[in-house]
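The working numbering puts the first residue of the sequence shown at 14, with every later residue one more than the last.
Please note that a few of the clues may not be correct.
Simulated crosslink set (DSS-like; lysine-lysine; CA at most 30 Å straight-line) [claimed, not checked]: (1) 50 x 70; (2) 34 x 19; (3) 34 x 96; (4) 55 x 19; (5) 50 x 34; (6) 22 x 77; (7) 34 x 70; (8) 25 x 79; (9) 77 x 50; (10) 19 x 50; (11) 96 x 70; (12) 55 x 79; (13) 34 x 55; (14) 70 x 22.
Hint data in this document are derived by calculation from the structure and do not stem from the laboratory. In this text the structure is predicted, and so the values were computed from the model without any measurement.
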Amino acid sequence: MNVIIKPVKALKGEVEAPPSKSYTHRILVAALLSNGKTVIEKPLVSDDTLATLEAIKALGARVKQKDGFWEVDGQPLLETPEK
């Protein structure tokens with residue numbers, strides 16, 4: 014079978030990565046340091062990732078946990094957490 018692939022001017026779409034503990038930790042830290050809201054769809058929920066979630070809350074991030082996703086409002090300029 015011969016297949017001819019023709020070039021296109023633009024390509025767009027979405028890729029859904031499988032849930033990953035490593036990716037979940039990384040996106041939580043990136044979300045903490047970002048300005049604005051980050052939506053994390055299908056995070057891998059484990060004791061470790063929940064500990065990271067609590068850590069970014071302690072550092073000032075505001076987090077909403079909803080069914081199937083987390084919303085994180087980051088704190089790009091970290092401040093001393095309240096006791």
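(request) Find the hints from earlier in the document that the structure breaks and name them by number, from lowest to highest. (result) Of the numbered hints, 2, 4, 6, 10 and 14 do not hold.
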